[in-house]
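Visitor: From the two separate chains plus the hints, produce the assembled complex.
As they're listed, the protein sequences go chains A and B.
One rule links them: number in our numbering = place in the first sequence (from 1) + 89.
One rule links them: number in our numbering = place in the second sequence (from 1) + 16.
Derived by calculation from the structure, the hints in this document are not laboratory data.
Among these hints, one or two may not hold up.
For the chain B half of the interface with chain A, some residues (derived, Cβ under 7 Å), not all of them [unchecked claim]:
no.: 1; residue: I149
no.: 2; residue: I152
no.: 3; residue: M163
no.: 4; residue: G166
no.: 5; residue: S167
no.: 6; residue: P168
no.: 7; residue: L176
Since the model is a prediction, treat every value here as computed from it, not as a measurement.
C-beta: ideal position from N, C-alpha, C; glycine also.
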Amino acid sequence: MCTLEKRGDLFLLTLTGEDEHRFHPDTIASVLSLLEQAKSQSTKGSVLITTGHGKFFSNGFDLAWAQSAGHGAIERMHQMVKSFKPVLAALLDLPMPTIAALNGHAAASGLMFALSHDYVFMRKDRGVLYMSEVDIGLPVPDYFSALVVAKVGSGIARRELLLSGKKLKGEEAVALGIVDSAAHDSAEGVVEATVSLGESLAAKKWNGEVYASIRKSLYPELCRMVNLTANNLATHNL
Amino acid sequence: MCSLEKRGRLFILKLTGDGEHRLNPTLLDSLRSTINQIRSDQSSSQSVLITTSDGKFFSNGYDLALAETNPSLSVLMDSKLRSLVADLISLPMPTIAAVTGHASAAGCILAMSHDYVLMRRDRGFLYMSELDIELIVPAWFMAVIRMKIGSPAARRDVILTAAKVTADVGVKMGIIDSAHDSAAETVEAAVKLGEEIIQRGGDGHVYGKRRETLLREVLVHTIGEDESGLSVVRNTGSKL
Numbered sequence: 090m091c092t093l094e095k096r097g098d099l100f101l102l103t104l105t106g107e108d109e110h111r112f113h114p115d116t117i118a119s120v121l122s123l124l125e126q127a128k129s130q131s132t133k134g135s136v137l138i139t140t141g142h143g144k145f146f147s148n149g150f151d152l153a154w155a156q157s158a159g160h161g162a163i164e165r166m167h168q169m170v171k172s173f174k175p176v177l178a179a180l181l182d183l184p185m186p187t188i189a190a191l192n193g194h195a196a197a198s199g200l201m202f203a204l205s206h207d208y209v210f211m212r213k214d215r216g217v218l219y220m221s222e223v224d225i226g227l228p229v230p231d232y233f234s235a236l237v238v239a240k241v242g243s244g245i246a247r248r249e250l251l252l253s254g255k256k257l258k259g260e261e262a263v264a265l266g267i268v269d270s271a272a273h274d275s276a277e278g279v280v281e282a283t284v285s286l287g288e289s290l291a292a293k294k295w296n297g298e299v300y301a302s303i304r305k306s307l308y309p310e311l312c313r314m315v316n317l318t319a320n321n322l323a324t325h326n327l
Numbered sequence: 017m018c019s020l021e022k023r024g025r026l027f028i029l030k031l032t033g034d035g036e037h038r039l040n041p042t043l044l045d046s047l048r049s050t051i052n053q054i055r056s057d058q059s060s061s062q063s064v065l066i067t068t069s070d071g072k073f074f075s076n077g078y079d080l081a082l083a084e085t086n087p088s089l090s091v092l093m094d095s096k097l098r099s100l101v102a103d104l105i106s107l108p109m110p111t112i113a114a115v116t117g118h119a120s121a122a123g124c125i126l127a128m129s130h131d132y133v134l135m136r137r138d139r140g141f142l143y144m145s146e147l148d149i150e151l152i153v154p155a156w157f158m159a160v161i162r163m164k165i166g167s168p169a170a171r172r173d174v175i176l177t178a179a180k181v182t183a184d185v186g187v188k189m190g191i192i193d194s195a196h197d198s199a200a201e202t203v204e205a206a207v208k209l210g211e212e213i214i215q216r217g218g219d220g221h222v223y224g225k226r227r228e229t230l231l232r233e234v235l236v237h238t239i240g241e242d243e244s245g246l247s248v249v250r251n252t253g254s255k256l
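The shape of chain B in the complex, shown without the other chains (with noise of 0.2 Å):
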C-alpha cells in the first residue's frame, strides 16, 4: 500500500510493491492517514514531505476496473482523492514528489499537487490520458492543471492531446522541476533538495497558509465555495 520512512526531518512516503498504485479507496485511505499522521507529528512545521513509489508506476490513476463493477465507486475514489490532493494543499511543509515511474490521470493529478515536481529521464511519463479513454476530465483536475502549467499551448498539449510526457519534455512545458537519469537519482535530487530547504528554515504553518492562498482556485473545487477558512476545516481532520 504505502509507507512511512522518516530521515531527519524528511517524512519519505513510498507508494510501495511493483503494481500500477491505482487510487482505489483503501490505497487512498491509506495515503490520507498517513498525511494526518506526518501533519499531527511533532516536527512537522519543520520538515518536507518526499512522495515516491515502487516499480514502474508511481501512480496509474484511478482503479477503474474496480469502478466498473460498481459505479458508485468513482464517485467515491474522486471524492478520497479531492481530500487527499486538499490535504496536501493546506500541509504545513513543502511537499517534493520524485516521479520514478509513469503517472497518468489521477495518478498525475497527485504527482502534480506536490509543490516540487522532480522526474527520472531515462523511463517513465506524465500522462493525462483522459482522452484517449474517453473520460471527461473533473473540473477540478483542471483547476490543477490550470494552476500548475501556466502556457495555454502546454496545457492544450497536456489535457487535449493527451501527451506522454517524458522528463525533459515536462521541464521545458515547466511542469517537472528537474529531470534525473534514473530513479535512485530522483529520490537522491529529491533528498538533497528538501535538506536545502529545511537549512532555509522557515514556518511550515505559515508556509501551508500561503500554498492554499495561491492554490485557492483548487481548493474551491475540492472543498467547496461555501466553506471559509479552508485552513481551519482541514485542521480539524475533517472526515469528507
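Chain A with its partners taken away, still in its complex shape (with noise of 0.2 Å):
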C-alpha cells in the first residue's frame, strides 16, 4: 500500500504497488499514519518526498469501492472526501519541505495530493494531470478548489485545471504554472531530481516548526477550510 524509508535527511513515502493508488479509507488512514510517523521523526534539514510505483501517482478515490455499497455509494463518497481533507492538512502541517516526484498520472484526489506538496515535479515523457470530476458528472469539494486557488495563480490555468477536463501533460503543466518541473524522462528521472532538489533544502538545516508555520501562514483561507489553525501571531517569537 504505502512505505515511509528515511535516506539520510530525506522522508521517503512510497504508493507502492503496480495498481492505481486510489484512495480508500485504509489507504488514507496508512498516508495518514506514515505521515504522523515523520512528523515525529522529523529534525532540522529533514525533507519528504513523495512518489508511487508504476503507471500511476494515483487515480484518485475508490469510486468502484463506492459503488459496491448500492444505494450507500454516496455515503461512501462523502466519507472518503471528508476523511481526505486530513490528509491535506497534515502535508500542510509537515514540519519539512515536502516534494512530490510524480512517477505517473495524477486524477482527482489524487492530483490533489500531489499539489499540497510545497513543489511538484512531474515525467516529461509520460504521466498527465486530470480532474476527472467534470467528465464523470461529480462535483469537486470545496477544500479542492481551495488549494487549487491557493497554488496555482493564474485564472486560465485554473480553469484548464478545474473545468475543462483536459488532461495536461508535464511540459503544458510547468508552462500553466501548476507544477515546478516536467524535465526528466521516465520515474528515476524524477525521482533523482527530487532527490537532489530535497538535498539542497535540506542542507539549509530549517527549523520545522517555523517552516511549516510560514507555510501555513501562505495559505490562510485554505487552512481554515481543512480546519488548520495557521499560526500567524502579530508578535516575533523573539
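Guide: What follows is the structure in C-alpha cells.
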C-alpha cells in the first residue's frame, strides 16, 4: 500500500504496487499514519519526498468501492471526501519541506494529494494531470478548489485544471504554472531530481516548526477549509 | 536617521548613514513623523514620494539585537512599522522605492509597501530572511506578500526558501518594476518616473483612497478589522 523510508535527511513516502493507488479509507489511514510518523521523527533539515510505483501516482478516490455499496454509494463518497481532508491538512502542517515526484498519472484527489506538496515534479515523457470529476459528473469538494486557488495563480490555469477536463502533460503543466518541473524522463529521473532538490533544501537545516508555520500562513484560506489554524502571531517569537 | 528633500513636486525620503538602517523604534518614529510632514504639505496631493537610502543597505529589518535585550521592543517595533505601512498605504500620492541596497525581512516589507519598486541590479537583494533565522512571519507581512507578489510559486520561493532575490530575478517574479545598473541610476530612474507620474496629473487624495481599497487586506491587518472609515482614522494623525 504505502511505505516510509529514511535516506539521510530525506523521508521517502512511496505508494507501492502497480495498481492505481486509489484513495480508499484504508489507504487514507495508512498515508496519514506514515505522515504522522515522519512528523514525529523530523529534525532540522528533514525533507519529505512522495512518489509511487507503476503507471499511476494516484488515480483518485476508490469509486468502485463506493459503487459496490449500491444505495450507500453516496455515503461512501462523502466519507472518503471527508476523511481525505486530514491528509491535506497533515501535509500543510508537516514540519519539513515536501516534494511530490510524480511517477505517473495524478487524477482528482490524487492530483490534490500532489498539489498539497510544496514542490511538484512531473515526468516529461509520461503521465498527465487530470481533474476527472467534470467527466464523471462529480462535483469538486470546496477544499479541492481552495487548494487549486492557493497553488495555481492564473485564471486560465485554474480553468484548464478544474473545468476543462483536459489531461495535462508535463510541459503544459509547467507552462501553466501548476507544477515546478517536467524536465526529466522516466520515474527514476524525476525521483533523482527531487532527491537533488531535497538535499539542497535539507542543507539549509531549517527549523521545521518555523517552516510549517510560515507555510500555513501562505495559505490562510486553505488552512481554514481543512481546519488548520495558521500560526499567525502578531509578534515575532524573538 | 532619515532626511527629507523636496525637488519640485518630488519628496525624497532617505534612510541616511552607512549603517544597516535597522527599523528600531527611533528610526520608525522618525520615518512616521516625516511621512506625516509630507502628508500635511500643501502640495502633497500633486506630488510623489521616493524612498531611498545611503550605503549598502536599504534596510536590514528590525533591530533584533535590541529586541533581545527587551522582548517588549519587538512588539513595539512591529506595531510602529504596521502604522508606518498603513500611513504609506493611505498617503495621498504615488510612492516609489528606489532600492539601492539589501532589503531584508521588515526592510523588504517596507520596500514592497511602495507602489513602484525600482532596484539596482549590480548589488543587493531582497531577502525575506525569517526562515533562515527561525522567525515566524507575522500575518500582516504575509498580507503584503500576497498583495504584492501574484504568483504562488514566487511567493513560495520568497518566503519558504528565503530566496535572495536580485533585481533581475525580482523583475521576472513580478516583485520589482525595473532593474538599473547602479545606485545612482536607480535613483535617477525613480526621479524620472516620479516626474512622469506628476505630469499625468490627477488628485492624490483620490489616488490614496483607491490604493487603500486595493490594499484593504493589508490594512485590515495593520489597523484591525473593527475600524471602518480607514482614511478618516489615518488623517486624524492617530497616535497609534
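Visitor: Against this structure, judge whether each hint is valid.
Guide: Hints versus structure:
1. I149: At about 9 Å, which exceeds the 7 Å cut-off, the nearest Cβ of chain A leaves the hint on B/I149 violated.
2. I152: Cβ of B/I152 sits 5 Å from chain A, so the hint holds.
3. M163: At 13 Å from the nearest chain A Cβ, B/M163 fails the 7 Å test, so the hint is violated.
4. G166: holds (6 Å)
5. S167: holds (5 Å)
6. P168: holds (5 Å)
7. L176: holds (6 Å)
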